[in-house]
Amino acid sequence: MKIKLAQKILAKNDDYASANRKFFKRNNILCINMISSPGSGKTTILEQTAKALKKKIKIAVIEGDLYTERDAERIRKTGLQAIQIETKGACHLNADQITKAVHKLDTENLDVLVIENVGNLVCPSDFDLGEIARVVVLSTTEGDDKCVKYPGSFAKADVLLINKIDLAKHLDFSIAKAKRDARKLNKHLKIFEISAKTLAGLDKWFNWLIMFSGRRARRPK
Amino acid sequence: MHEAMVAESIIDSILSQVPNKHGRVIRVVISCGQINAINDEAMKFAFDIAAEETICKDAKLKIKHIPLKATCENCSKKFNYDLYDPCCPKCSKNDIKIGEDAPLLLEEIEFEEN
Ligand SMILES: [Zn+2]
Numbered sequence: 001m002k003i004k005l006a007q008k009i010l011a012k013n014d015d016y017a018s019a020n021r022k023f024f025k026r027n028n029i030l031c032i033n034m035i036s037s038p039g040s041g042k043t044t045i046l047e048q049t050a051k052a053l054k055k056k057i058k059i060a061v062i063e064g065d066l067y068t069e070r071d072a073e074r075i076r077k078t079g080l081q082a083i084q085i086e087t088k089g090a091c092h093l094n095a096d097q098i099t100k101a102v103h104k105l106d107t108e109n110l111d112v113l114v115i116e117n118v119g120n121l122v123c124p125s126d127f128d129l130g131e132i133a134r135v136v137v138l139s140t141t142e143g144d145d146k147c148v149k150y151p152g153s154f155a156k157a158d159v160l161l162i163n164k165i166d167l168a169k170h171l172d173f174s175i176a177k178a179k180r181d182a183r184k185l186n187k188h189l190k191i192f193e194i195s196a197k198t199l200a201g202l203d204k205w206f207n208w209l210i211m212f213s214g215r216r217a218r219r220p221k
Numbered sequence: 001m002h003e004a005m006v007a008e009s010i011i012d013s014i015l016s017q018v019p020n021k022h023g024r025v026i027r028v029v030i031s032c033g034q035i036n037a038i039n040d041e042a043m044k045f046a047f048d049i050a051a052e053e054t055i056c057k058d059a060k061l062k063i064k065h066i067p068l069k070a071t072c073e074n075c076s077k078k079f080n081y082d083l084y085d086p087c088c089p090k091c092s093k094n095d096i097k098i099g100e101d102a103p104l105l106l107e108e109i110e111f112e113e114n
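Just so you know, the protein sequences line up as chains A and B, in that order. Per the working numbering, the first sequence runs over residues 1 to 221. Per the working numbering, the second sequence runs over residues 1 to 114.
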């Protein structure tokens, strides 16, 4: 007996995601899903962002990691609220984990919620968390062929942060090539070249965040 | 390995839909878009593991890949987008509008009653 189902496999995740998105929109929270390979510098970018913006806007962070609270502790040191989700080995976060984590946060007057996804360019891109914007981080130490190898992450992003540009001159990383490849997949992509270490270029990223944050929350295009 | 999570979701949906569980599932058909990044080998491996000890054990998994549709904004040509060579097959420009990627779908199952 053949049974036609035509059913969305990730329907349960998508239901949680759309409930999350409704919550963020209703409360004017710019929720960002940040995706990258391990070691791209996401946590350092967030530390710098916290330092520069915490007096201007209210930011909170949800950290997704396979194990440990280490990243959340780094963020808390900057004075922001941070909730850790330990995935116990899973390679990505699910929308229902975000729902639970959001309940633990003080979201009153929150302008920006950053979800630091598990370090992995493949799997997180399939799971909608209910974010308002998706940010992908690519660092120059990873090679400039990442866009071609992991198109999903770049095709579905709103912003690309090319990090560690201070090291590019020592490596075979062509920033121009990475930008070209990413734009081919996604011509609306906003690209910022930054170094979270030297602070180069970060002001543009900060401006973007402020512009789309909180009271003005809407999908940036 | 998001395939593991996908496999568990497939088995969960099947188990909640099979009319009565006196029988077994012998074939499962799923479809996915290009951007879902479903790797056939990883998917089949994960499916076999998730199917263990359920009525889906030993079921054959068929994976249909749905191409991503694109339109050239320069010459209006419609074509199947190639992630690895993203330019228009007619005019070679890469000013391209990509359509929606197909979702991950559980298309059908074949159930054998006993
Ligand atoms: Zn063309």
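Don't read these hints as lab results, they were simulated from the structure. Don't take every hint at face value.
No farther apart than 25 angstroms at their CA atoms in a straight line, the calculated lysine-lysine pairs in the DSS-like style are these [claimed, not checked]:
| # | chain 1 | residue 1 | chain 2 | residue 2 |
| --- | --- | --- | --- | --- |
| 1 | B | K60 | A | K4 |
| 2 | A | K177 | B | K60 |
| 3 | B | K57 | A | K2 |
Keep in mind it's a predicted model, so treat the numbers as computed, not measured.
Hint by hint, here is what the structure shows:
{"no.": "1", "hint": "B:K60 - A:K4", "verdict": "holds, 16 angstroms"}
{"no.": "2", "hint": "A:K177 - B:K60", "verdict": "violated, 42 angstroms"}
{"no.": "3", "hint": "B:K57 - A:K2", "verdict": "holds, 17 angstroms"}
Going down the numbered hints, you'll see the structure goes against just number 2.
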